[in-house]
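*Asks:* Sequence:
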Amino acid sequence: SPPGREGDRLIRSATARLAALGLYPQAAVLLHHQTFKRLRGVDRSVVAADLAALYLTAGEPEKALTAIQSTRIAGLPPQIVERRRLIEAQALADTGKTDGALELLSSEGGGKALLLRAEINWNVQRWPAAAADYAAAFSASAAPYAKSDIENALRAVAAYTFAGDADAARHFAVDAAGALSGLPEAALIKSLGATGAGSAEFAAFMKNYREVFDAP
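Position 184 (the sequence shown) corresponds to 653 in my numbering; numbering is contiguous.
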């Protein structure tokens with residue numbers, strides 16, 4: 470590719486086309502070359518985040534960690550720092566370094582960081598923490614509620630139930646059902662909040678949960 474900005478633009482365009490076709494390893498080769506052979510400073514750190522995200526999609530979290538950690542510099546714009554931190558936390562979680570991932574997210578507030586923290590806690594079955602995170606995420610949402618908001622409410626109720634905190638499950642379910650009044654999921658959430666983890670109703674819900682919400 471030609472030198473300078475035009476060459477970088479061509480590389481990014483080719484990378485995007487390869488990724489759109491699902492050719493993630495080939496796309497990563499191009500972006501790795503651009504990141505570590507053509508760019509410096511802030512530009513390198515910005516594109517390294519794209520490279521790391523591509524590695525995550527390709528199922529290579531170790532390479533994602535290397536891309537992020539080897540391009541860390543001071544003075545990056547806050548939004549870039551946040552994106553790199555989220556990607557690093559996801560990569561740490563995907564490599565089994567759960568505590569490191571959660572520690573990286575502990576200083577973050579809401580939004581994407583909160584949802585990532587909730588997902589990590591859910592995946593490792595840290596139910597009290599997952600319940601608190603999903604409940605906070607739902608509480609921060611507002612009508613009209615998206616499918617993801619409803620899923621957050623359902624996961625909060627389920628996590629409270631798995632944690633054995635029946636009172637918290639019931640109280641949250643009542644509040645969430647009230648907020649979702651008029652939607653078909655409201656009755657389901659309220660009903661789940663009144664059941665225990667050992668109930669047939671709760672077991673049936675969890676069995677069908679992934680199909681209904683296409684959850685991981």
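Warning: the hint list may mix true and false statements.
Said to hold, decoys possible - Once the Cα atoms are required to be at most 30 Å apart in a straight line, the calculated DSBU-like pairs of lysine-lysine come out as:
1. K581 - K659
2. K532 - K506
3. K581 - K532
4. K566 - K581
5. K566 - K532
6. K581 - K616
7. K659 - K616
Hint data in this document are derived by calculation from the structure and do not stem from the laboratory. As the structure is a prediction and not an experimental result, all values here were calculated from the model.
*Asks:* So, against the hints stated earlier in the document, which numbers end up violated here?
*Replies:* No numbers; nothing is violated.
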